[in-house]
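Residue numbers (UniProt numbering), protein chains in the order written: chain D, 1 to 226; chain A, 1 to 217.
Among the hints, a few may not be true.
[Said to hold, decoys possible] Cross-link-like lysine-lysine pairs, in silico, DSBU-like; alpha carbons within 35 Å at most:
| # | chain 1 | residue 1 | chain 2 | residue 2 |
| --- | --- | --- | --- | --- |
| 1 | A | K214 | A | K117 |
| 2 | D | K219 | A | K214 |
| 3 | A | K53 | A | K117 |
| 4 | D | K58 | D | K219 |
| 5 | D | K210 | A | K53 |
| 6 | D | K219 | A | K18 |
| 7 | A | K214 | D | K210 |
| 8 | D | K219 | A | K53 |
| 9 | D | K210 | A | K48 |
| 10 | D | K219 | A | K48 |
| 11 | D | K55 | A | K48 |
| 12 | A | K18 | D | K218 |
| 13 | A | K48 | D | K58 |
| 14 | D | K218 | A | K48 |
| 15 | A | K18 | A | K117 |
| 16 | D | K58 | A | K214 |
| 17 | D | K55 | A | K53 |
| 18 | D | K210 | D | K58 |
| 19 | A | K214 | A | K48 |
| 20 | A | K18 | D | K210 |
| 21 | A | K48 | A | K117 |
[As the list claims (entries may be wrong)] Examples of chain A residues lying across from chain D (beta carbon under 10 Å, computed):
| # | residue |
| --- | --- |
| 22 | S125 |
| 23 | L128 |
| 24 | G168 |
| 25 | M170 |
| 26 | M188 |
Note that these hints are calculated values from the structure, not bench results.
The C-beta atom is built at its ideal place from N, Cα and C for all residues, glycine as well.
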Amino acid sequence: MDGNMLADFNFRIIMEYLPLFLHGLGATFLISTASIFLALVVGVIACACRISQIKYLKYPAIAYIELIRSTPLLVQIYFFYFGLPTLGVRIPEIQTGILALMLNSGAYIAEIIRAGISSVDEGHIEAGISSGLNYVQRMRFIILPQALGATIPPLLGQAIVLVKDSALLSLISVAELTRCGQVLTSERFMPTEAFLTVAFFYMCIYFVLKSLADWSQKKLIFREVY
Amino acid sequence: MMGFYFNRLVEILPLFLKGLWMTTQIAFISLGVCTVLGFSLGILRSGKSVILKWIIGVYVSFVRGTPFVVQVFIIFFIFPEWGLQLEAFSAALLAMAIMGSAFICEIVAGGIASISKGQWEAAESSGLSRIQQMRLVILPQAMRVILPPLVGQFVLLIKDTSVVSVIGVMDLTRVGWITVIRIPEGLMVFSLVGILYFVISYPLILLSNYLERKMAV
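Let the sequences and hints guide you as you build the complete structure.
Take a look at the structure:
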């Protein structure tokens, strides 16, 4: 097989395993979608706590965000996968995985939102105060609409990261896309076919999300220039 | 029971320190390699050769578009089929180098692109060669833009070394994984692993935050 790298590429085996791959693709899609929405909720709450003046909310939020950001996701996944059963909590691997992805992305999303909020010009907030708007009104009419614009491109970036991160769930035997590659490798020993197909599917997801992120970025810059 | 397991954990602490050493080695060797490769690729990408730009673009897209664990599997399982047999440690380093340099390439190319055309033109009309323009005029200015995200990327790379545990490198994560099979105290074992990662990466996070504050303005 040396030398002619892809000459022996076996498309037949890929067709045979295509249902499995499509199933894995669906699982990756579901896991990612569920995790990103849950992470958004976690992120908004964590960010609200992080920027609040109440220290019982602020410091736990800082601890959570910094702890997540300075440890590897794989370690967090293993922490829940091996740790939850010792606490007597037995949930399926897929839910353990979503829990880990949610908490991991939540911390990054909290920081993204915080950056978005702090990007709002001080002058606008002062103008709001002097117009007699209260805190909630300022949030609603001045800060959030502008912050949201600044957060959408990095949030889409985080979605890309999350899709790729979901591949790590294969290591706790969740039947997602990467796991299909492992299955094909162990059943037929065809790693080339297996992992190049897996990579191809991830690239497809990546390009869709990437164009979406670029488009939203352009759109926002355009609006700003206008 | 907890106490019993805790004592056993203390017993095998040397194993964790070995894992920490392995992780540190992989992290810092690959940080060095990635930085050198990433800067070279980033500079080439900002150059004039269209073909070179295109090739680097494809490489960067592939690395950014696929999960790191899939890249590790490709290197560990597929490269031997193509006649490149690697032991776990070198496969891990190769995977880290390929992945990290693509991300650093993007950061460097972005930094160089942020320098205005006028700077290039001024450097050129001062009679500097292309290499001198890059080294004396463009890069020193671009470093302000490059440095904060570069250090941030270092943190990501250190954390990503945990993924190479899947091909059997005895790093921190792998040590945790084999320990948890003998000592069924997942929370305790992976808290310890997490703390050890924290020790390596948190100082760099602080550095990255500091640089971001200092370089912004």
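To see whether the hints hold, each was checked on the structure:
| no. | hint | verdict |
| --- | --- | --- |
| 1 | A:K214 - A:K117 | 25 Å, holds |
| 2 | D:K219 - A:K214 | 30 Å, holds |
| 3 | A:K53 - A:K117 | 19 Å, holds |
| 4 | D:K58 - D:K219 | 34 Å, holds |
| 5 | D:K210 - A:K53 | 19 Å, holds |
| 6 | D:K219 - A:K18 | 50 Å, violated |
| 7 | A:K214 - D:K210 | 30 Å, holds |
| 8 | D:K219 - A:K53 | 26 Å, holds |
| 9 | D:K210 - A:K48 | 25 Å, holds |
| 10 | D:K219 - A:K48 | 29 Å, holds |
| 11 | D:K55 - A:K48 | 54 Å, violated |
| 12 | A:K18 - D:K218 | 48 Å, violated |
| 13 | A:K48 - D:K58 | 50 Å, violated |
| 14 | D:K218 - A:K48 | 25 Å, holds |
| 15 | A:K18 - A:K117 | 50 Å, violated |
| 16 | D:K58 - A:K214 | 24 Å, holds |
| 17 | D:K55 - A:K53 | 50 Å, violated |
| 18 | D:K210 - D:K58 | 33 Å, holds |
| 19 | A:K214 - A:K48 | 32 Å, holds |
| 20 | A:K18 - D:K210 | 40 Å, violated |
| 21 | A:K48 - A:K117 | 14 Å, holds |
| 22 | S125 | 31 Å, violated |
| 23 | L128 | 33 Å, violated |
| 24 | G168 | 13 Å, violated |
| 25 | M170 | 15 Å, violated |
| 26 | M188 | 8 Å, holds |
Hint violations for this structure: numbers 6, 11, 12, 13, 15, 17, 20, 22, 23, 24 and 25, all remaining hints satisfied.
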